[in-house]
Every structure is written in structure tokens, then in C-alpha cells.
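In the order they appear, the protein sequences are chains V and R. All the letters of the first sequence, read from the start, carry residue numbers 1 to 277 under my numbering. All the letters of the second sequence, read from the start, carry residue numbers 1001 to 1389 under my numbering.
It is worth saying that the hints were derived from the structure and are not from the lab. Possibly wrong hints are sitting among the right ones.
Partial selection, computed: residues in chain V whose CB lies under 7 angstroms from chain R [stated by the list, open to error]:
(1) L10
(2) A11
(3) V15
(4) A18
(5) R44
(6) M45
(7) P117
(8) P131
(9) G134
(10) F137
(11) A141
(12) G226
These stretches of chain R come out as covered by chain V in the derived footprint (C-beta under 8 angstroms, 3 or more residues) [claimed, not checked]:
(13) 1334-1348
(14) 1353-1359
Pairwise CB distance ranges (calculated) [unchecked claim]:
(15) V:L55 with R:G1029: 53 to 59 angstroms
(16) R:E1033 with V:V15: 32 to 38 angstroms
(17) R:Y1233 with V:L273: 32 to 38 angstroms
(18) V:W47 with R:P1187: 49 to 55 angstroms
(19) V:L19 with R:Q1050: 28 to 34 angstroms
(20) V:A79 with R:A1054: 39 to 45 angstroms
(21) V:W68 with R:Q1302: 40 to 46 angstroms
All C-beta atoms, glycine included, are put in the ideal place defined by N, C-alpha and C.
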Amino acid sequence: MTGRMSDRRLAWAFVAPALAVLALIAVFPLGWAIWESLHRHDLRMPWLGRPFVGLENYLDIAADARFWSALGHTVFFTAASVALEIGLGLVLALAMDRTFRGRGAVRAALLIPWALPTVVAALLWRFLFEPQAGIWFVRPAAAWVPVILADVWKTTPFVALLLLAGLQGIQRDLYESAAMDGAGAWMQFRRVTLPLLRPAILVALIFRTLDAFRVFDLIYVLTGGGPGTATEPVALYAFNTLFQNLRFGYGAALSVVVFLITFGLALIYIRLLRSQS
Amino acid sequence: MLRISGSAVGVEGEVLTRQVGRFMAANPGVQVETQRTPDDATQRHQLYVQWLNAQVGRPDVLQLDVVWTAEFAAAGWILPLDRFRPSTEDFFPASLEANRWQGRLFALPWFMDVGMLYWRTDLVPRAPVSLDELARFAPAGISDEVPYGIVWQGARYEGLVTVFLEVLGAFGGEILAEDGRVAVASPAGVRALELLRGQIGKIAPPEVLTWHEEETRFAFQNGNAVFLRNWPYAWPLLNEREKSKVAGRFAVALMPAAPGGRPSAALGGAQLAINAHSRRPELAWRLIAFLTAPDQMLERAQVAGQYPPRRSLWEDPRLAEALGVPLQDVRRILESATPRPVTPVYSELSETLQIHLHRALSGQAAPEEALRMAARQMEEILEAAELAQ
């Protein structure tokens, strides 16, 4: 009995450092952000003090038209870019799955956009569209084109490589037996490839959705959220509130909302993944 | 030891180092250190707010953007200067007005920026004296070689507010009324915004909605525009013969007004203030008085081309020689300098206004609706700050 207790204690002692690190890097900042979000704290208006206001910031967010439109932009950007990335990534993965001369070189080349820092990629696309800035950056609908194009260009390779790994995990004899049963290429793709690729697709979806939902630097550089606020995502709104207007309480509340949404999405995906396996 | 912070790079740094050196020579035993801060206004502002919030006594002397004085004063971060009895008669009134909060002076103007209308002397018969004339001259100067009638800063940033402020003033409107109430959603406001919007795609390229100062300067410098709205810094650059196609073929004028309005030139520039937690406020004041004395201002104009806010210097032939601008033309612009709203929440008001101006200019909202929404949100900001009237 005592032996088992000390075993348990030992186990806790072993995981304690990891837990402490986790608490320090994840729980503490999050807790601090949540605590801050319950205050009215405007760095530029010290005469207002830093009163505790409960959920007032969150109620304000619920009534904040700029927040809702930013959320709409975020959802739109996520849906459009992730759909394109998964579709194109799948095509690229299928192409690279075949053996052909120079396959290694193609795979390496594919990684270049992914290896570029987002800010650099965004600047590159900004320069590409600059000559027609009067078309692409001043009309709300058009401004999404460079944004989504740049994101798809940059992250499709990542999706493609993830899916390629999934494809290579599919046993070849499955295709052979499908062929023997008279399944054509399309049938093989639908009945063999797709079902077996689902876990990989799901993983790609998780990474991409969560990343896309927190999009910041790409849009910050490309459109600055404009024209007006027509391409402003929630993360950029939170950034402007925090670091431009120095409204810490409200900005923290906005960040917490972004966190809650991505956390919720992550939970849904994890459940989906579990039901897969 | 005393520390001063602000722009300390290039020629600005050169002239500051030289002057601080002279100050130390004249005040034995006094050490002054120059602290570099980011040149980007937003970044510098952020840094200052962090320092001042932490109640750090350094830097003792702060170089402030003209729209920060009220904010820092209301927060109690900078000292009122009355107790040092500064002599202010010589300064352009607008430059002082921008540095007063609740009737007290909190910073002393150091150099002055104003919005000016650059015009091509080879394409336009004379400086337009009315908005109507500007509207006639601009398209008349357009040709295959000169595609744009006018270029201005239309990106969604502070510059857009200064552009709007000038046209708004030209129609007799203002952003905040004298009593502090939001006044932007007025008939004058709508006319001003309609005028700017009407220029886009006709005499101004749609690209202006993404342009800051430099893009507009390049367009004018390459000979592509009849008129340019910009700050004084563009003058020497546009006159560089190797780089500019319009060297010697342009002049500056005051942005003209409509009947019933007043010609307005947005006021910018730098001021010096004393950190409220400085341990040497007296000494800090002596440094400010030294740096803002006529001799130092003249030297600054000679080395860095920055406009002195002292009126007497604008009578001085040495200034004409230093700046290379027709003194009387520029002086007229400086006399019409119009501060942006003097309020502690200026940057938030400005951000709101920028968004709605940009929405209207990019066709997402009608000017009237955009201004109404801007006004409502600006009122909310004033109310939340407990500054509403």
C-alpha cells in the first residue's frame, strides 16, 4: 500500500516539471488574459483606473458590429482558403505519389513557399499586385483575391505533403484487388483512396482551419484589413485594439473569444478523429 | 544626467547631437543623453505610453507628435509648462493651440509640418484660389504624359484624416466643435467627402486609396500628376534634378477653400514636453528652452529642412536661403495651419474616422451614412472616456 503510494508520488514528481512548464507557458498567459478581460483597462486613460467590470467587455463584444463583421471575414477566409488548399493539396499529393524522374526535386521545390516566413510571402504578393493596386486593394470583394491566393500558394504544399504521407501509407495490393474486382481509376479513388486517406485529410483540416482562423500577419501586410475594414479578421481587430488603441481589457476579451472559438473547433476535430480510429 | 528622446537618426540626429553638445558646453556639469526611439509614430507612441505608465522618470524630455499632447496631458504624464513662464508670442497660434489642454500649455512646438498643395507651374496657370478653380485646373492639366489631375494620401491611416481635414475646413466644417462635441456629420462634412470621392477614378487614380506620402510623392516626382497634397519634406526631394522630373517646375500653395469655408492646412510636427516623473524638471525645461530658441530652430532648418514654428524666423532671409522655398507663400500656409482635434482620445477618434472615410471612398457606404456612423462611434468613444460634453 505504502509502496504504491510512493510510486504514485514518484510518478507525480516525474511529471511535475512538465506540468509546471505547461502551466507557465499555456495556462498562466491564458489565465492572465481572461483576468485582464474582466477589467476595464485602457492604458491611455489612466484617469479611469482599472475597475473590475465582470463580463461587460464580452457584452460589448456581442453588440460590436465591427467584431461580428470581423468574425464573418474570418469564417469566410477560413472556409475559402482551406477548401482550396485541401482540394489542390490532394491533386498535388496524388501527382507526387506516382514514381517519375525528379520526384525528389519536385517535392523539395514544393516546399519553398511553405518555408518562406508568412510576412515575406505576403510582401511578395503585395508587390505582385501593387501595379494594379487600384483594382485589387480598393474593392472589398477583389481584396480577398490576393489574400486567399497568397494563403493557398503558401500552405498548399504543407497540405500536399501531409496527404502524400497518408497516400503512401495505403497498401498497394488494395488497389490491385480493387482492379481485379473491376474497379476503374475513379472507383479506386472513391472506394479505396478517399476512405483510407480520411485520417490524413482530417489532420490537414485541423491544422489548416485552426491556422486560418487565427490569420493575422498575411492580412496585416497585404490589405491591412481594408478597404475600410472589409478584410479585417478577428485577430487583426484584437491586435489593433490591444497595440494600437492600447485598450487592454477589451483587447484581451477579443483574444479570449478567438481562443474559445479555436478551442471549440479543436475539440470538435479531436472528437471526429477519435470516432475515426 | 538628463535624457531626451525622439528622432535621432540622419540629419535630425546630426543637428540634435550638435545642439545638445552646445547645451552641455554652456552648462558645465550637465550630461545630456540622446535616446533613439522608433521613427514610426505608432511604435513611438506605444513605447512612450509604456514608459509613462510605468512612471519612469526617463526620458526627461520627450519629442511628441502634435496629436499626443492632450492625451499625455490628460493622463498626467507630462508637466504643464506655465510655471516656467515660457514666452510664446512668437509662435504660430495653431502650433500652441494644439499643445494646450484645459487652458494650460503642456509642450513647446519644435518644428512644424503643414499640408501643402504642390502644383505644376508648367501645367497650371496659377495657384488655384478656390476649390472650383482646383476642380477646373486639375483635369485641364491631364494629358497622355500626365495621367493624374491630383494625388493625395488615401490609404486607411492617419494621413487620410489630414487630407480630409483640409477639405472639410475648406467647406467650413470641423471634426470636433469648439465645445468638444462631434461635428463631422455636417453638410460640410458630406460635401468634403463627396468631393474626395468624386475625384477618385476621374482626376485621382483609384490607387490613392492605398497610397501614403511616399507613393504620392513618387507619382508627382515622376511627372504623373498635376497637383499633389503633401508635407514640406517633399520640397527638397522634388527639386533634386537627378531624381525628379519636375525639379524647378512646381510651386506650393495653400489648399483653397469653397465660398464660406476657410483654407486649411493640417498641422503636424514635433513638440517637446517634460516627463511628469522627471527628477530634473528645471533642467529639462532649460534644455527645451535652448532647443526651441530661434538660433537652434534656424540651424535645424538649415541642416534638416524642418520648418520653424517661430514667426519671426519667417522674416529672416537666412531661412529662405536654408529652405529654398518662397517664404511668403509658405508663411501663408503656416498661418492657416489647422490642428486636428485636441483631445486625449484623438487616436481612437481618428481610427474610427479613418475606417468610415475609407469605406465611403471605396464605395462601401454613402458619404452621409459613413459620416453618421463615424460620428455615432466617436461620440461613444468620448462617452466611454468620460469626456463627453
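Now for the hints, and whether the structure bears them out:
With 7 angstroms as the threshold, the beta carbon of V:L10 stays out of range of chain R, its nearest partner Cβ sitting at about 45 angstroms, so the hint is violated. Hint status for V:A11 relative to chain R: violated, with the closest Cβ pair at about 44 angstroms, above 7 angstroms. For the restraint placing V:V15 at the interface with chain R, the shortest Cβ-Cβ distance is roughly 37 angstroms, beyond the 7 angstroms limit, so the hint is violated. Interface restraint check: V:A18 against chain R, minimum CB-CB distance 33 angstroms, threshold 7 angstroms, status violated.
Evaluation of the V:R44 hint against chain R yields a held restraint, the C-beta minimum of about 6 angstroms falling below 7 angstroms. The beta carbon of V:M45 comes within 6 angstroms of a beta carbon in chain R, closer than 7 angstroms, and the hint placing it at the interface holds. Here the hint on V:P117 is broken, as its CB sits about 20 angstroms from the closest CB of chain R, past 7 angstroms. Taking 7 angstroms as the C-beta contact cut-off toward chain R, the hint placing V:P131 at the interface is violated, the least distance being around 9 angstroms.
Annotation: interface hint on V:G134 holds; nearest CB of chain R at approximately 3 angstroms, less than 7 angstroms. At a threshold of 7 angstroms, the smallest CB-CB gap from V:F137 to chain R is about 5 angstroms, leaving the interface hint in force. A least Cβ separation of about 10 angstroms between V:A141 and chain R goes past the 7 angstroms threshold, and the interface hint is therefore violated. The interface hint given for V:G226 holds, since its Cβ lies 5 angstroms from the closest Cβ of chain R, which is under the 7 angstroms cut-off.
For the stretch 1334-1348 of chain R, the assignment as covered by chain V holds, since 4 residues bring a beta-carbon within under 8 angstroms of that chain's beta-carbons and 3 suffice. Counting residues of the stretch 1353-1359 of chain R whose CB lies closer than 8 angstroms to any CB of chain V gives 4, so the stated coverage by that chain holds, three being the minimum. Take V:L55 and R:G1029: their Cβ atoms lie about 57 angstroms apart, and the range 53 to 59 angstroms holds. At roughly 50 angstroms, the beta carbons of R:E1033 and V:V15 sit outside the given window of 32 to 38 angstroms.
For R:Y1233 and V:L273, the Cβ-Cβ distance of about 58 angstroms falls outside the hinted range of 32 to 38 angstroms, so the restraint is violated. Taking the beta carbon of each, V:W47 and R:P1187 are about 35 angstroms apart, not inside 49 to 55 angstroms as hinted. As the Cβ distance of V:L19 to R:Q1050 is approximately 32 angstroms, the hint placing it in 28 to 34 angstroms holds. A hinted range of 39 to 45 angstroms holds for the C-beta pair V:A79 and R:A1054, which are about 43 angstroms apart.
In this structure, V:W68 and R:Q1302 break the distance hint of 40 to 46 angstroms, their C-beta atoms being roughly 54 angstroms apart.
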